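Chains C, E, D and P, in that order, give the protein sequences.
Note that the working numbering has the first sequence beginning at 1, numbered continuously upward.
Note that the working numbering has the second sequence beginning at 1, numbered continuously upward.
Note that the working numbering has the third sequence beginning at 1, numbered continuously upward.
Note that the working numbering has the fourth sequence beginning at 1, numbered continuously upward.
You may find that some hints are simply not true.
Derived, one-sided and incomplete: chain D residues facing chain C with beta-carbon distance under 8 Å [claimed, not checked]: (1) 143; (2) 547; (3) 548; (4) 549; (5) 552; (6) 553.
Straight-line alpha carbon distances no greater than 25 Å define the calculated SDA-like cross-link-like pairs of lysine to any residue that follow [said to hold, decoys possible]: (7) E/40 <-> D/449; (8) E/40 <-> D/454; (9) D/412 <-> D/435; (10) C/37 <-> C/108; (11) D/95 <-> P/302; (12) P/159 <-> C/114; (13) E/40 <-> D/437; (14) P/159 <-> C/108; (15) P/159 <-> P/302; (16) D/412 <-> D/324; (17) D/95 <-> P/444; (18) C/37 <-> C/17; (19) C/37 <-> C/109; (20) P/56 <-> P/3.
Covered, in the sense of this in silico footprint (three residues per stretch, anywhere, with C-beta under 8 Å from a C-beta of chain P), are these stretches of chain C [claimed, not checked]: (21) 40-49; (22) 52-62; (23) 80-93; (24) 101-107.
Note that these hints are calculated values from the structure, not bench results.
A quick note: this is a predicted structure, and the numbers were derived from the prediction, not measured.
Quick reminder that beta carbons are idealized off the backbone N, C-alpha and C, glycines included.
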Amino acid sequence: MMDFFNDTVAGLFNYWIVFGLMMIGFYTVIAHDNLVKKLIGLNVFQTSVFILYISMGDIRGATAPILIDGQAIYAHPLPQVLILTAIVVGVSTTALGLALIVRIHEAYGAIEEDDVLAADFATQDAEDATEQARSAQARATEPHAPADADDGAEREESRPS
Amino acid sequence: MSRPPVNTPRLLSERAARIPAAALLAVCLMLVGAEFAYEKHPYFGFDGFFGFYALVGFATVIVAVLLARLLRPMIGRHENHYGEADPGIAELDSEGPTDE
Amino acid sequence: MSDWLGQAIASPALALFFAALLVAVTPRLLHGLWLVGVPAAALALLFALPEGMHGTVSMFGHELSTLRVDGLSRLWGAIFLLSAALTGLYGLNVKDRLQHVASLLYAGSAVGAVLAGDLVTLFLFWEGTAISSVFLIWARRTVRAHIVGVRYLIIQVISGLLLMVGTIIHQRATGSIAFNTLGLDSAGGWLIFLSFGIKAGFPLLHNWIQDAYPEATVYGTVVLSIFTTKLAIYALARGFAGTDLLIPIGAVMTIFPLIFALIENDLRRVLAYCLNNQLGFMVVAIGIGTPLALNGAAAHAVAHILYKGLLFMTMGAVLYRVGTVKASQLGGLYRSMPATTVFCIVGAMASSAVPLFSAFVSKSMIQGALGYEHMAVVWVVLLVAAGLGAIVPGIKVPFFAFFHRDRGYRVKEAPFNMQLAMGATALLCIAVGVFPGALYALLPYEATYNAYTLSHVINQLQLLAFAALAFVLLYAARLFPANVRGLNLDTDWAYRRALPALVERFRQSSVSLRARVMHVFSRNGSRAADWLASAFGLGGAMARTWTTGVMLLWVIVLLALYLVIYY
Amino acid sequence: MITHFFNQMPALVVVVPMLAAPLVVLAHRQWAAWLIFVGACWAIFGMAFLLFVEAKIAGQVSYAVGGWAPPFGIQLVIDPFNALVLLLVTGVAALTSLYARASIAAEIVAERGYLVYALLLLCIAGLVGITITGDAFNLFVFLEISSLSSYALIAMGPKRRALLSAFQYLIMGTVGGTFLLIGIGLVFMMTGTLNMADLASRLPPVADTHTVQAALAFIVVGLSLKAALFPLHVWLPNAYTYAPSVVSAFISATATKVAVYAVFRFVFTVFGVDYAFGTLPLGEVLLVLSAIAMIAASLAAIFQTDVKRLLAWSSIAQMGYIVAGFALATPDGISAGLVHLLNHGLIKGALFMAVGALFWRLRGSSINDLAGMGRAMPVTSAAFVVGGLSLIGVPATAGFISKWVLLSALFEAHRYLLVAMLLLASLLSIIYVGRVIEALYFRARPDDVTEHAHGEAPLGMQLATWALIAANIAIGLHATPELGAAQRAAAGLMGGGT
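Extracted from the complex, chain C is given alone in its bound form (with noise of 0.2 Å):
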């Protein structure tokens, strides 16, 4: 029992982390209508993989990957160096999307999904109705009986009443 304590939970606890803290995120992008939020959310669970990559970097007992004397054993620095750029891109993509959300909300005036959805579904709605009743328009305008003007016909009309 202590083993599978000692294994599974107390020696994976960093995955344990990584695991809550992807769910947290994943929750709040999810759940939450505030797209500000979604936004942290979304950054909680890019951060919940940074963790991810450092700790299987990760040697017991081992330094940072720098030059100290009489320390022979150090962590891998590749995963390091990956979630700089992870980093990065992170910051990009948090960067934009508050930009994204600025521009929302000048729009929009609102910058909670539900409303902003409402108002776009309010738009297609209107802009549905404006194209039926064009159709509907145009269907009744159109010839439905052969109008023949293509044929050139040159009928001397004498149709009986």
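Chain C is already provided as a structure; the job is to place chains E, D and P on it using the hints.
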């Protein structure tokens, strides 16, 4: 533009139409009469009987027309049945203008 | 590369495609040259080509033979090109470029299909006929024409897809894509058979003909009546000659459309039904499969294209001048359109197989072949059909359009070019009947036949005269079905009424399901409810933007799905 | 000098657009920005072509970035598979550059026009990078470069709805990217390498662990998001509909295609056919999803009133075709999927360009807006018709070739249900393409809009559209080279992956 009255001569109902009808009857009789004048080459046997082709022609049309008359009430529908008729026709009731 | 170019360019089909291009870009003044001249030149080219396989092209891993010239394909190619020239003349007065382009592409595709030496080429042109011909219907530019066009196109494309799938299966089974006798031994053969059957108007698969042809333009219907169905007959003759199943199928085809034609009001639709019935004769002949029968099928195809084209031309002229071809509204037109009347009567007589007219020399070959093979029942069926054919279209069409009761239309005679085209076609109908030797000389197989024996002529005249007598008596007794406005149900009911109704019912039930789901979820107050509920609507679910949350939910679902499956 | 240039070409294909982007920003002026854009696009197209030829001759071109030998350094690899994708991306980019000027001038505020060029260049650099990189993590970086630039591009659309579409795409794309990152991290954890070829040789011993299985799941789901594979497609219709025309045209033709490429690069090259399709039932899942995509998305397309949205839905259906081909995991299937990947890029690019040209004239892209434009803009309308026919799969067009090889492959694999689905979907495509064609040619122009709706689009737009159409027809008429290349690629994937 002169538009003659709508009820102009109808075949068989007027005298003028009887001439072609009579001519047709005469031709038919002649053709039956011709049966005696030539040698038949029947494929099967039953097609060599006297007046076989005449009978088939006559009976076919009678039977088919009667069949068609039976069929019409079953499959005949208003012109706008599928909702695709020209406007104007759509408003007509199912008893549109007919011949008779 | 260069040698296939040289050979493939010599294809009459390409000549017509090129003509279509010319029509599209040159001024209208020159259209006559392209519409009539190019098909005529292509006809000369066809006869200049030596027999054999030409135009080998390599295409996505298959060696295609785009040009097979032999007796069968040459005859079909010739009649297609001839009628392309005639219809070109008929349509000269049409100002609509689109129709000309479409008809030339259509004719070109049909000729290309006939000359195809392999199934892939056949399929390519087969699709070509479908796509190009639908524009002749849409070109009427009415709401109904558009709806009908879509229906027509879908059915045509289904035929194409069946051919494609059949070809793939056939190729996998036999390793060959050559278009020769296929037979019904394999799934591939059956699919191809079905594909041909749709275009040939087999019973229950026939309805697209009557649905679509009468809705096309004046010019379009004439063009349509020529190519698609006869191409299917060619394909059957090439791939399924001697297939017994074709005999009962064809026999049914000869009779039942005529019953519908008897009570149909739209005269172009009457002709479409009769077209279906004549296809039956050819299908029976192909089913017999003897040289005489196949020659009969080929000869009848030639004769049929000419007289049916002529009849559609005359009805087109009536529609063009009067504005309707509803029998219930027509009558007495012989005063205004005497020439058209004469042409219509010629077409009707040719169609009824009166001696000295074209169908007499071709239809009797089929009857004769049946007689020699001692197929008594089918023989009688075809005789009955021939007798009935004397009434519809033989009498019904000219009588109700031009004589009958004068409705007071005083219109101009058909335009000159139409008259010219009708006159030329009428002359050909008579020429084939009077000098059958020329036609017989072109027939693909070795079989001699003489239609003009005394007994045969008299028998035929008896049949027709008594059928006419029966009509006169029925008409006098007012038993002949009156021309009533309305439409008649056919198999199209299945997809115009039953299928939409079924869909509607499904939609309704899904809406109520949606309401129930909504109810359940709104009680639970779940956010996902809105999405789940709307997912059941047909249009609604897919059209709406989802919230990010719902989108991500799907990501989770999919990820979970993968993980569960993997573990 | 020349050989030196040739040696550096794999890197230059990525570096040129990436460096051109800041140049464009510095140049700032519309015409100068555009000239740089055109120059960069055509330069990389030329290089891509040379690389394609080189890869065909040599079988594979490898380049070690910075001189660090793989598996430690980043490796760029051009093999027959991605050479084709590279050609598609750079080719479409080159044509987009011709198209862009008039389109951007009409749809984007003049001061911001140069930014579109810069972003497009970054997007191109990202897509090219994804295509040719041989390093798993590097692929993630390029994916994010292309994604970030495309979020910004979509947000530049004229309507305000573009903003939310871009934001939603951002959330989805980032989640997708992060999933990919997780997946890569997991395989890295098990093998200690990021080089794809090296991964392929080191994975089999540890393949039975849950970690590797989870990695595959994360990578496939993450990239499927980018590829808009059903049911992860929901970001796509809005993104394509509200983006500027030139962006819709470019992204629709390339971005999802490259993502599909990346999925199958991982699946085939890294994990191996036997593992992904034999040990794990990835193929079954993908086939089911793609079958649903074909039908459901085609049905949705039928109900659309906006042509861009209609085309977007059709794209989702077509992604189903592509994935179905790959998921068969047979040589025929892979080459069919690859052929359709290329052809669909050409088709959709052409169609979106044609719609963009119509939009340029009409300021709208609803089907009603298009009524009667067949006469007003005959050249553009004709392009749409040919493109539409290709989309349906009419003979003598590229779409037909795709349909044919796909059906052949499905038959070979005895997937008859999928054959039926594919045929049904192609019937449905007739309906939605037919709706547009009907509006273009068989409906009259509404009376109220006649004043400004006449005359063709500018030459550059027409040229680009018709170049893609011409490619469609050329492939339709003479598909042997494309098929040959696809078969070589498929053979390479099947042989090299295991």
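Results for each hint:
1. Look at residue 143 of chain D: its Cβ gets to within about 5 Å of chain C, closer than 8 Å, so that hint holds up.
2. Nearest Cβ of chain C to the Cβ of residue 547 of chain D: about 6 Å, under the 8 Å cut. The hint holds.
3. Taking 8 Å as the C-beta contact cut-off toward chain C, the hint placing residue 548 of chain D at the interface holds, the least distance being around 6 Å.
4. Hint status for residue 549 of chain D relative to chain C: holds, with the closest Cβ pair at about 4 Å, below 8 Å.
5. Taking 8 Å as the C-beta contact cut-off toward chain C, the hint placing residue 552 of chain D at the interface holds, the least distance being around 5 Å.
6. Contact between residue 553 of chain D and chain C, as hinted, is supported at the beta carbon level, the nearest pair being about 6 Å apart and thus within 8 Å.
7. Using a Cα cut-off of 25 Å, the hinted pair residue 40 of chain E and residue 449 of chain D holds, with the two alpha carbons roughly 17 Å apart.
8. Among the hinted pairs, residue 40 of chain E with residue 454 of chain D is consistent with the structure: their alpha-carbon atoms are about 9 Å apart, no more than 25 Å.
9. Annotation: proposed proximity of residue 412 of chain D to residue 435 of chain D is violated, straight-line Cα distance about 34 Å (limit 25 Å).
10. The suggested pairing of residue 37 of chain C with residue 108 of chain C holds, with an alpha-carbon distance near 17 Å, which does not exceed 25 Å.
11. Between residue 95 of chain D and residue 302 of chain P the CA atoms are separated by roughly 33 Å; this puts the pair beyond 25 Å, and the hint is violated.
12. At roughly 18 Å between alpha-carbon atoms, residue 159 of chain P and residue 114 of chain C fall within 25 Å of each other, so this suggested pair holds.
13. Annotation: proposed proximity of residue 40 of chain E to residue 437 of chain D holds, straight-line Cα distance about 24 Å (limit 25 Å).
14. The hinted pair formed by residue 159 of chain P and residue 108 of chain C meets the criterion: a straight-line CA distance of about 12 Å does not exceed 25 Å.
15. Taking the CA atoms of residue 159 of chain P and residue 302 of chain P, the gap is near 23 Å; set against the 25 Å cutoff, the hint holds.
16. For the hint linking residue 412 of chain D to residue 324 of chain D, the alpha-carbon distance of about 15 Å falls within 25 Å, and the restraint holds.
17. Between residue 95 of chain D and residue 444 of chain P the CA atoms are separated by roughly 17 Å; this keeps the pair inside 25 Å, and the hint holds.
18. Restraint check: the Cα-Cα separation between residue 37 of chain C and residue 17 of chain C comes to about 21 Å, which is no more than 25 Å; the hinted pair holds.
19. Restraint check for residue 37 of chain C and residue 109 of chain C: satisfied, since their Cα atoms lie roughly 17 Å apart, inside the 25 Å limit.
20. Proximity of residue 56 of chain P to residue 3 of chain P is assessed by CA-CA distance (about 18 Å); at most 25 Å being required, the pair is judged to hold.
21. For the region 40-49 of chain C, the stated coverage by chain P holds: 4 residues have a C-beta nearer than 8 Å to a C-beta of that chain, and at least 3 were required.
22. Only residues whose beta carbon comes within less than 8 Å of a beta carbon in chain P count, and the region 52-62 of chain C has 3; three or more means the coverage holds.
23. By the rule of at least three residues with a Cβ nearer than 8 Å to a Cβ of chain P, the coverage given for the region 80-93 of chain C holds, with 6 such residues.
24. Counting residues of the region 101-107 of chain C whose CB falls under 8 Å from any CB of chain P gives 4; the rule of at least 3 is met.
Hint compliance for this structure: hints 9 and 11 are not met, and every other hint is.
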